[in-house]
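K.L.:
Each chain, letter by letter, is given below.
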Amino acid sequence: MINHTIAAETILEKLPIIAISGGDTAVDSILMEVMKALTALVHADIGQITLLPKGGMGEKLYVLKDGRPWLKKEVHLKPLEPNKGFTGRVLETGESILIQDIWAEGEMEGGNPFLEIAESMDRHYLQDIKKPVASIIILPIKRGSEVFCSIELSRYRNKKPFSIDDKKMLEKFSSRYGSLVMDYVIDVRDRITVNMAHDKLLKMARLIASNNPIDHREVVEPYTRHSAADVTMVLFKTGSIHESSFRLVATQGGVVREVLLSNFMPSSGSSLRDGFDSIFPVEGEAGDSRMDDFYDRIETMPGLQREDRDFVQACLNSVESYVIYPLHILGQELGIVILGSSHKGFWKYLHMNPFLTVYNSLLKSFLLNERLINFLSDISLKIHNPGFYCLGAIKGILVKKAPELLADPQMISALNGMEDLLSELHDQGRVLRWRDKTIDIIKWIRVLVERHEPKLPWITIEYRLENGDLASGCKIMASDEQLETIFENLFSNSVRAIKRRIEKESSTIGRIEITIREKDSFIEVMFKDNGMGYKTVSGYGSIQIKEEMERLRGSINITRDPYQTLLIFPTIQDSKKG
Amino acid sequence: MKVKVLFFDDIFSKLFRDELPQDQLVWDDNWVAAVEKGLSESDDRSGVIFDLVKTGDIDAWREIIEQEKPDIILIDLFWPAQASVKFKDRNRGADISLSAIAAIRNEFPDLPIACYTLKPDKDLLEQAYRNGATIFLEKVALALPEVQSPLKYVLIYLMRQAAIAKR
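Chains as they are written, first to last, in the working numbering: chain A, 1 to 578; chain B, 579 to 745.
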């Protein structure tokens, strides 16, 4: 029979290996191990972990039902009133609790606290997690005397209720290991959150520093991942100065759809306008005039595909409360971010956290840059055509019809002035031209390796030049941001693959090999690791590498068994050495 | 003598013409008319008749060259509308023509290529020659056939040089 010591040992043995695998699934993996061990210990059907921050609202961290995770990532349950229900009693007394039937009227002296709050609970949660069960045990997890977390285990109604022995067994586990395990989980969660936020900010910073086209789905993702919104809708202003079109990226339940709203003139008072009396962020709810107007506009919008219209309307229908943040900056109306929830009155949880606030500011800055560059580019084009041709035509007409005017110093001066003006404006437009930088790829990779080595002490990074002279370098046309995107993605893929192998074979020593070869007018960089295949979350990293290699007019070749990536960069022959 | 000139200019491309309103396109079209007239007056003076094939479909250079079998290529260097689509950056307009020039030179090593641009600079001149242009010229925006006419003597010179090279 499994006892609490074996359960604890199993968990403690597995935790560090799962944690090292990193990624945003690590916390869920750890919690699943914990819940599987505890549900197995007392033959429970459902297990839940709830965080109870001091003075804040309770947050369901993990729910396991019939051995499977029940709480989905994109579903945000209503936060719990921690002082209510049976959990409230546990928090108040600091003692674990065993209830024979949570639905029984007289289950506890002074009334059944669960029945008092059942109606206010999320209906899916109530239906799936509470309705089928009768007997529950709630355990407090403490730091000293302070309860910061609770674990709830339940059995289905048709099964024998939990016994005092079950409760004692769980209490032993909880008092010995509960705090240790949960502190570890919270620590890993915080670390992963910080890493992900850092990664998103870095990506945005690289986007700002590049001339790459914006991937609207990608830039919207952090709003979905790092907010309490079930529905995210971001509208980006697009098109020229003379037209009002918007690109809408809507996300719900893991589905993302991009819809172009052509000739969409915002209504008066719309958040898409940045009027002098506009106040942001806006809070609203289902049925208000703003939501109804938008719904009607989508309903009657010509040219929308049926699937797009249905999806956007389904998103709007599921929103009970929402907040709107602007993407407007310096008087430029650039769009809005709508964070919606299926819960009523959810505003205080929907507001952007500090990370999203910073991210939103960076996105605004990027959109403003992009807009200004587009406008200046348009102006530059107009100067080129028809500006110069128009001036050429005037001169032609003068030559034909009034050649004597061309001898007039005032006319010459005016024409020359116009020519100079157009030339100057044309040259100013060219200032914004993207200039490739030359980078010594060999030195650049060496610095990159030196930067990564201290961060990855458990991985050996080998770096060698197979032919040619390491010291004299080799130049390619690229920007730092492009190379960072390529190599950071390769490094993170390798780290994931190595972690995966360590999970399977704990004695593995990670190794990354970078081999550089000079070949005629190319330089080949072979990137290889001793990791093993893993399930990719988005596969976006590989696409990014391919896109950047195309922009650099190079190529990429990926082979498996062993997994290795060959990058081929064209080199600059003239200034190659020295 | 007849000389077929394959004339690549973004002025003829649908992409470009869709971007500008008709009242602005008229100035570009005036210029093209002046070039055409400048070249068409040549038979009496130089004994050469220029057959101008105008196209804005730079991506289809191979098919057009194989179909038309031109004696010479005349190509504009700045294709901003195409660059906007291909690179999302109008300022890379020259990259469109430069890559086409390099590819044409690779497949048709003997075909003379005259390229021109409205606002030349040293870098562009160097790149055009490096990619295989036979001659680099400044585009004169003046819509006067008399001003455009000297272009025909440049083209005649290139034809003669190509003929010498073939011997």
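A couple of the hints might just be wrong.
[Said to hold, decoys possible] As a list, the in silico EDC-like pairs of lysine to aspartate or glutamate whose alpha-carbon atoms are at most 16 Å apart: (1) K666/B / E370/A; (2) K159/A / E105/A; (3) K36/A / E81/A; (4) K382/A / E597/B; (5) K382/A / D596/B; (6) K666/B / D378/A.
[What the hints assert, rightly or not] Pairwise CB distance ranges (calculated): (7) M57/A / D637/B: 58 to 68 Å; (8) I742/B / H452/A: 55 to 65 Å; (9) Q428/A / D601/B: 18 to 28 Å; (10) V631/B / S542/A: 40 to 50 Å; (11) L260/A / K580/B: 47 to 57 Å; (12) R309/A / K580/B: 52 to 62 Å; (13) D637/B / D190/A: 34 to 44 Å; (14) S542/A / Y735/B: 44 to 54 Å; (15) I572/A / I742/B: 49 to 59 Å; (16) D601/B / K72/A: 13 to 23 Å.
Derived by calculation from the structure, the hints in this document are not laboratory data. Predicted model only: the values in this text are computed from it and were never measured. Using N, Cα and C, we set each Cβ at its ideal position, and we do this for glycine too.
K.L.:
Regarding the pair K382/A and E597/B, is the alpha-carbon distance no greater than 16 Å?
P.N.:
10 Å, holds
K.L.:
For the pair we were handed, K666/B and D378/A, check the Cα-Cα distance against 16 Å.
P.N.:
Answer holds: K666/B to D378/A is near 13 Å, not above 16 Å.
K.L.:
Determine whether the Cβ-Cβ distance between I572/A and I742/B falls within the hinted range of 49 to 59 Å.
P.N.:
The hint (49 to 59 Å, Cβ to Cβ) is violated, given that I572/A and I742/B are roughly 34 Å apart.
K.L.:
Holds or violated: the 40 to 50 Å window for the beta-carbon distance between V631/B and S542/A?
P.N.:
Once the Cβ atoms are compared, 44 Å apart, the range 40 to 50 Å for S542/A and V631/B holds.
K.L.:
Checking one constraint from the list: CA of K36/A to CA of E81/A, max 16 Å. Satisfied?
P.N.:
Given that 16 Å is the threshold and the Cα spacing comes to 26 Å, the pair is violated.
K.L.:
Falls inside 34 to 44 Å, the C-beta gap from D637/B to D190/A?
P.N.:
Given a distance of about 52 Å, which is not inside 34 to 44 Å, the answer is violated.
K.L.:
Verify the CB-CB distance for M57/A and D637/B against the hinted window 58 to 68 Å.
P.N.:
59 Å, holds
K.L.:
Is the Cα-Cα distance between K666/B and E370/A 16 Å or less?
P.N.:
11 Å, holds
K.L.:
Taking the beta carbons of Q428/A and D601/B, is their distance inside 18 to 28 Å?
P.N.:
25 Å, holds
K.L.:
Quick check: does the Cβ-Cβ distance between S542/A and Y735/B fall within 44 to 54 Å?
P.N.:
With Cβ atoms ~52 Å apart, the hint holds.
K.L.:
Holds or violated: the 13 to 23 Å window for the beta-carbon distance between D601/B and K72/A?
P.N.:
57 Å, violated
K.L.:
Cβ-Cβ distance between R309/A and K580/B: within 52 to 62 Å?
P.N.:
59 Å, holds
Violated hints for the displayed structure, listed by number in ascending order: 2, 3, 13, 15, 16.
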